[in-house]
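Asker: Here's the letter readout for the chains.
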Amino acid sequence: MKRVTLPASSKDLRDLQAGEPVLLSGTVYTARDAAHKRMIELLEQRKELPIPMKDAAIYYVGPTPAPKGRPIGSAGPTTSSRMDAYTPALLDQGLTVMIGKGRRSAEVKEAIVTHGAVYFVACGGAGALLAHHIKKAEPVAFEDLLAEAIVRLTLEDFPCFVGVDSFGDDVYDQDQ
Amino acid sequence: MREVDAARITEAVYDTCQKIAFDYAPDILARLKRGRDEETTERSIAAMDQLLENAELASTERIPICQDTGLVTVWLHVGQDVHVINGSVYEAVQQGVSKSYTEHRLRASVVSDPLFERVNTRDNTPAVIYTELVSGDSFRIELTAKGFGSENMSRLKMLKPAEGLAGVKDFVLETIKLAGPNACPPMIVGVGVGGTFDYSAYLSKRALLRPLDEPNPDPRWNALEQELEAEANQLHIGPMGFHGNTTALAVKILSAPTHIAGLPCAVNICCHACRHKEVEL
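Residue numbers (my numbering), protein chains in the order written: chain E, 1 to 176; chain D, 1 to 281.
Heads up, none of these hints are tricks.
Which chain E residues face chain D? A few, computed with CB under 7 Å, are given here:
| # | residue |
| --- | --- |
| 1 | ALA75 |
| 2 | CYS123 |
| 3 | GLY124 |
| 4 | LEU146 |
No lab work stands behind these hints: they were computed from the structure. Treat the numbers as computed from the prediction; the structure is a model and nothing was measured. Here a beta-carbon is modelled for each residue, glycine too, at the ideal position from N, C-alpha and C.
Isolated chain D (complex conformation) (with noise of 0.2 Å):
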């Protein structure tokens, strides 16, 4: 059985916060570039000319690309031949994210009760965290941090089964053209299809993760994905939602078995500073 130290956990998600705080995913600053090019109104291409160059800002002098630090989801991929020591798994990813939010003066966002208090709890604790267990022994870190700008335009719907392609595309596009100017266009749209009501939505935020220049492993599904880009970017929303070329740098589908009766939409909206990465320990 492999150990592994807890302080390798929290070290980890320390590092990975304030990377991706500061630097975009090279994937989406290459897509980023495109969508300038594909511009042609002075505005639309004033707005992607700010994106390029707060990306370049940010990467150098290492001020966020967004105030909105997000609130951080981790994905904790555990081998079952693992044994973690000297701590609690879940307290170390917490001393992480509240050591890297404190200590790379990234912003907290959290606030410690949704309705009654919102007091904030002063280093963007707690992070959602959630556990998978894979065979073997390896450990594998996936943490996200998103803003709420565009985390508030995501919509979820429980659709009938007759519904069917036509019923998942409407509401995808729906939900797209309802987030607009809000969501920080160009944005990146995570779509959980199937499952349950709940699952839909986690399969939602999971698709972001998968890198832009990474096709659907399905046909099926990549057809779909290209298919919606192409119709969202129809819908002329455009960068700062002045009605440009470029509305969705990508369209990104996760798919499960579902029942009988049901046909779930999740629909995880991110803006264009979508930050993610992953750690292998």
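Excised from the complex, chain E in its bound form (with noise of 0.2 Å):
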């Protein structure tokens, strides 16, 4: 099975094609509707995100609170499209990798092609599963927001499939 390590360039990706299973390793940043909302609300200020955008990685994720002695509890994929409408000004800030689950909206294919990115689905309903594959996890930004802070996360061999490759083709539309 390839293995991907992040951050990733857009140069690593473009051999990733929609549908192949991936094993994810590295730096990921949580974030659902909330923390778009409020990055998107600096970008139109001109002001500082509170992460590195260049050839980052985000991780759709609301955790439930770590158990003691873990680094994190329940951590599945939410439902990207709710993010549809702020990601086209992420990518253009250099993100490169998204995670989640669920269908893209043409928009952010197309910025997705543009960027060379990779839209990564994990699977919906698996957050005990997956949070064995998280080693770390240090608050970075929003606080206040509890299960939808950002968080940076370090993924070890995280399960999940190609669901839009940088070429814009999807996982969802192809035949069994």
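Put the two chains together into one complex; each comes in its own frame, and the hints tell you how they fit.
Answerer: Here it is, written out as structure tokens:
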């Protein structure tokens, strides 16, 4: 199975094809609805983002609080389409990798192709299993948002599939 | 008259919230395993294997099945001969939710105002509470904690009576199709037919609570459930939306009398982690 180390540049991602199973390792940032909204507001005000967006990876997840002795609680993907409205602006800032579940809009797919980014899908409702592949979680920003805060995660062999590859091919449009 | 202490309601809600967060109901787990055996492609088998491994890990390690530990809906079936003492019934329910979500480190997913502030209430309250009066002195609590990935894909339509059976079938299947990979398939589909605009939605959520191995008591509605389940699986959305064979684990319908001019139809989509349980006090 292919392995991808994050952060990854668009050059590193070019060989990936929609539908392929992949194991991800390295650094990703959590962000979902509320964190996206705030980041877009910061961009509109020409202020600095709380995370370096160049070659960054974002995981759409709002984990449960970490139990004692573990870095994180249950941590599966949330529905990516809710982030569609915000995504092209972040891709413009250098974002190269997104992890979530479900379909993306035509606008997002177009921006993925323009920037050579990749959208990965993880198994929805497998939060306990996926948490086992998250080795570290460090708060970064927006802690008042609780489960929606931005947290830096270190992944190790995190199982997912290529959802939309850098050429715009979509796993959900493929035959079995 | 039987007296029930409000503390017992809190305790029951507290206990049920944590149990359903970590453990699949046995009927759903059995159906998932059957679905796993019906998959033929590498991707769909991998997705089902992840779900089954996840179920095992969640139960043994007490990590929630899904990070979206839901918005809690509680049904109180209260005997009219019951007197609740030492506190308010609804406050007792909310205290149980608050205590369970805080102590068991379940996710606080509720915001105080839906449109303006959207500030997290920090303890997953308030739960939605429905109260049904029944005869006798029983006190039964049904509780579900439903994630919003699937709740967001639910729909309601006021069909014309002339659209009839075909209209209901088309709307249910269209809703499943639109839900697609977003609703964390394989799904459980609750359908409410009849009543009013609001009551059909209520029925569609209640329909999700019937165990998967329990047939609809009305043979006509049971046949429709079977037919819709088979047709839903012909849509080949499949686990994770990878076009496999298991799209719906079950379709469950509740119906009610309605107006001569109407045929309300509500479809409440639920992900495979359909978390619900009932307790008798």
